[in-house]
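Engineer: Whenever a hint applies, use it, and build me the whole structure from the sequences.
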Amino acid sequence: MIPSVNLKPLHWHPYIAPVEVEEATPAQLDAMKVTPSNKKISEYVRTLAHDPDSYVARTVLFNAIMYVDGGLDRADRELGALGASIVNGCKYCAVVHARRHAQLAESDAVVSAIYFNRADVLGERDAAIYRFARRLSVTPSEASVEDMATLRAVGMNDQEIIDLIHAIAIFGWANRLMHVLGHADLHK
Amino acid sequence: MSDAIDHAVGLNAEDALYGTRRLRPEFVDGAEQCRISVLAPNDDQGLAPDVRLALAQRMAQLNNDAALQQDYQTQLAALQPSEALLALAAGAADLPEPLATIARHADLITQQPMHATEQHIRLLEQAGLSNPQIVALSELIAFINFQTRVAAGLRLLRSA
Chain A
1 MIPSVNLKPL HWHPYIAPVE VEEATPAQLD AMKVTPSNKK ISEYVRTLAH
51 DPDSYVARTV LFNAIMYVDG GLDRADRELG ALGASIVNGC KYCAVVHARR
101 HAQLAESDAV VSAIYFNRAD VLGERDAAIY RFARRLSVTP SEASVEDMAT
151 LRAVGMNDQE IIDLIHAIAI FGWANRLMHV LGHADLHK
Chain B
1001 MSDAIDHAVG LNAEDALYGT RRLRPEFVDG AEQCRISVLA PNDDQGLAPD
1051 VRLALAQRMA QLNNDAALQQ DYQTQLAALQ PSEALLALAA GAADLPEPLA
1101 TIARHADLIT QQPMHATEQH IRLLEQAGLS NPQIVALSEL IAFINFQTRV
1151 AAGLRLLRSA
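First to last, the sequence lines map onto chains A and B.
Position 111 of the first sequence, counted from 1, bears residue number 111 in this note's numbering, the numbering being contiguous throughout.
To get this note's numbering, take the position in the second sequence, counting from 1, and add 1000.
Each hint can be trusted.
Derived list of chain A stretches under chain B, where covered just means 3 residues or more per stretch with a C-beta under 8 Å from a C-beta of chain B:
hint, stretch
1, 132–142
2, 166–175
Part of the chain B face toward chain A, derived, beta carbon under 8 Å:
hint, residue
3, Arg1024
4, Ala1031
5, Gln1033
6, Asn1042
7, Asp1043
8, Asn1063
9, Ala1116
10, Glu1118
11, Pro1132
12, Ile1141
13, Phe1143
14, Asn1145
15, Phe1146
16, Ser1159
17, Ala1160
No lab work stands behind these hints, which were simulated from the structure alone.
None of the values given here were measured: they were computed from a predicted structure.
Glycine is no exception: its CB is placed at the ideal position from the N, C-alpha and C atoms.
Structural biologist: Spelled out as structure tokens, the structure:
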């Protein structure tokens, strides 16, 4: 019996000074969605607002990949995100997306198994997704035709696999921002 | 209309996967908008398009993506790059500053992002990069690692 993992939310702290709302350019204010009723912007958003064009473009794509209707189950997208975040060493993203997986799956069995290094006890479908996420995330990718055949064998169609590829790949991006531009701990 | 990912994967309009990709127009359009935002942005923050393309070529090579490496090499060649940028693109370590520091950072974050620390950001600052440049560089590095994974995944999906 694997115990339940206790994943406390982490707080993220940037290594560079974020944009100050009072000093922001019009493009930065627009990117941060600053309005008279919304002046409290997170440090994460204010850090990335240093380059507003890429922040806006990536946020649109990220939200589509993680939240768009239909296709791959949202919990499976979170499992792809978690596999990528563990390989890439982004503790912040890993905790956020492990917690989301547990909420969506209404069980922490999968994320507990992963955090206690017992991926061997995962069910067939979770194991196939997690293994593919890990192998696609290393540089260069180690994902194989056999990994793809395993995803098909557990019942995933091409559209669901495309959704999964994107969920893993967008964390190849997000992890390289969160873990590179700052660090996470339990303190506010 | 074909995009950079179709080219990288070798998809054309007759392929079934070309159509399946387009069941998610927000992924196709979103990835293209992102590509423009990191490789040809309106405000390049002083990181010129030729530097960005040279880094993109270098990181595509680290990801063993011959098609994207070739694509970025062709785009870079059209801009008549300097010898230093050609060396950066080809993976050289012996480079003038700040390219040497930028190249070491791009290599580390592409290959071993788990080993990134605050010190690596301080090195970029010491090489003269501003905060907007550090963020823009980070987004470029991260995008190429996104794009190469989408391409790698789609190639496997087509062949499996």
